[in-house]
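S.K.: Residue strings, one per chain:
2 protein chains.
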Amino acid sequence: MRLARIATDAGPVPAVADGDDWAVVVDLFARPLVRTGVRVPQDGARLLAPVEPAVVLGMAHNSGPADRGVPPQAFMKSARTVVGPGDPIWLDERAGAVKAEGELTLVVRTTCRHVTPDQFADVVLGWTIGNDVTAVDQVPLDSLFTQAKNGDGFTPVGPWIETDLSTLTDVRIEVDVDGARVATSSTAGLAWDPVEAFCYVTAHVTLGPGDLLLTGAPATSAIVVAGSTTAITLDGLGTLRNVVVAADRTGKGAP
Amino acid sequence: MRLARIATDAGPVPAVADGDDWAVVVDLFARPLVRTGVRVPQDGARLLAPVEPAVVLGMAHNSGPADRGVPPQAFMKSARTVVGPGDPIWLDERAGAVKAEGELTLVVRTTCRHVTPDQFADVVLGWTIGNDVTAVDQVPLDSLFTQAKNGDGFTPVGPWIETDLSTLTDVRIEVDVDGARVATSSTAGLAWDPVEAFCYVTAHVTLGPGDLLLTGAPATSAIVVAGSTTAITLDGLGTLRNVVVAADRTGKGAP
Chain A
52 MRLARIATDA GPVPAVADGD DWAVVVDLFA RPLVRTGVRV PQDGARLLAP VEPAVVLGMA
112 HNSGPADRGV PPQAFMKSAR TVVGPGDPIW LDERAGAVKA EGELTLVVRT TCRHVTPDQF
172 ADVVLGWTIG NDVTAVDQVP LDSLFTQAKN GDGFTPVGPW IETDLSTLTD VRIEVDVDGA
232 RVATSSTAGL AWDPVEAFCY VTAHVTLGPG DLLLTGAPAT SAIVVAGSTT AITLDGLGTL
292 RNVVVAADRT GKGAP
Chain D
52 MRLARIATDA GPVPAVADGD DWAVVVDLFA RPLVRTGVRV PQDGARLLAP VEPAVVLGMA
112 HNSGPADRGV PPQAFMKSAR TVVGPGDPIW LDERAGAVKA EGELTLVVRT TCRHVTPDQF
172 ADVVLGWTIG NDVTAVDQVP LDSLFTQAKN GDGFTPVGPW IETDLSTLTD VRIEVDVDGA
232 RVATSSTAGL AWDPVEAFCY VTAHVTLGPG DLLLTGAPAT SAIVVAGSTT AITLDGLGTL
292 RNVVVAADRT GKGAP
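If you read the sequences in order, they're chains A and D. Residue numbering for the first sequence follows this note's numbering, beginning at 52 and increasing consecutively. Residue numbering for the second sequence follows this note's numbering, beginning at 52 and increasing consecutively.
No lab work stands behind these hints: they were computed from the structure. Using N, Cα and C, we set each Cβ at its ideal position, and we do this for glycine too. Incorrect hints may appear among the rest.
If you want a taste of the chain D side facing chain A, the calculated C-beta under 8 Å gives, among others [claimed, not checked]:
hint, residue
1, SER194
2, LEU195
3, ASN201
4, GLY259
Work out the full structure: start from the sequences and follow the hints.
M.R.: Below is the structure:
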């Protein structure tokens, strides 16, 4: 199933893809989904970040065999950094250079802790594309990553959620900046695969409906500047497009 | 003014103290506060965590003059760790030893970024007590603090918010465990005072209504075990009491 959150005159609503339409549902996290009967044509619908998480985590140092030699680690991002398809990534010049990072992103369905691989399918809603935007010059200045990971619009996600992927361990990832391919990779390049990463995280942090785990960037990062457009494509998950915009002197251009 | 969030038959509501009552208000973050006309006697009212933050930050290594010699740093805690007065702190034996940490805690009033000291009073709603519960054995295992800071119930806050304190730089802090005084200190022991800490954090992270900054523990921490009761008293802010409860084998006892 393909799930999304769409803008309507009545506000954002969750929906499931059905033919050429989005069929509005009562609760994105319910099983089975209950439809309201309202349908919105997919053509022209405005997609928002598919969830509104309370907790957003990203896997640190999770690419290549060498990272398998050290314990997994995860960092937390502010839920206020989450934006949707087409939304701006704000670039605060005081933070220095900024990278986009294309990542397979897990969406949590239900409250969970100490998840085991056999429980995995029951607690995970599905998968979307995440862009773990990072102010890379801040990384050496702050070992806790707080300065690097939390600029405005630094966690674009979307455009939708797929509940089933044919593979988790070899999802092709392509990153384009300004229409030029700057990275091609796959989740096969992750040191800890998405199931391992999620089980690790939930051993330490209780997660709940809509929470996100960005599973890591297997060499899928690229420097962006004000004016850049980013397009991150994952097999089966479509393309997440955003634009990088210079912030004003308050550090933010958004309201 | 003293602000709180109280449990009622109609659900949680924000309120302002007025004589012997809590006067219910429409929006805790509005200026001026608009009262609904509903009043609840303070005697017997159940106080909840006074806010429901999207972002919770704590200051790292912020006690004593030596910490002033290194740049300030902050870590993020899961918003799902926030609980109120009387709520349990869940102790997962697999995480090892756990400390309670009594801290002056800032409550954000309005969306803000790059806050300067002269803007401070306008964007801050007020102050409450925070307990930055920490699984101390996890600190050496995870330099990002994610494993140490995010157990269930690991961020008790309350019992209420005071909008005005007579001092921010010398607030007395007392920590009692099982009725015995285990720490006596003051925010005078913070390396970076609350205004400095908040301006630092907002240089990197946009905060908004209800967000929390735990300003650091100036030697106000104490080991707790299953069955411990904690009571943290800050001058002018009352006492925040919680109980430490052993989690079940899922890591959590709460629903």
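S.K.: Please go over all the hints and tell whether each is borne out by the structure.
M.R.: Consistency of the hints with the structure:
no., hint, verdict
1, SER194, "holds (6 Å)"
2, LEU195, "holds (5 Å)"
3, ASN201, "holds (4 Å)"
4, GLY259, "holds (6 Å)"
Of the hints listed earlier, there is not a single one the structure fails to meet.
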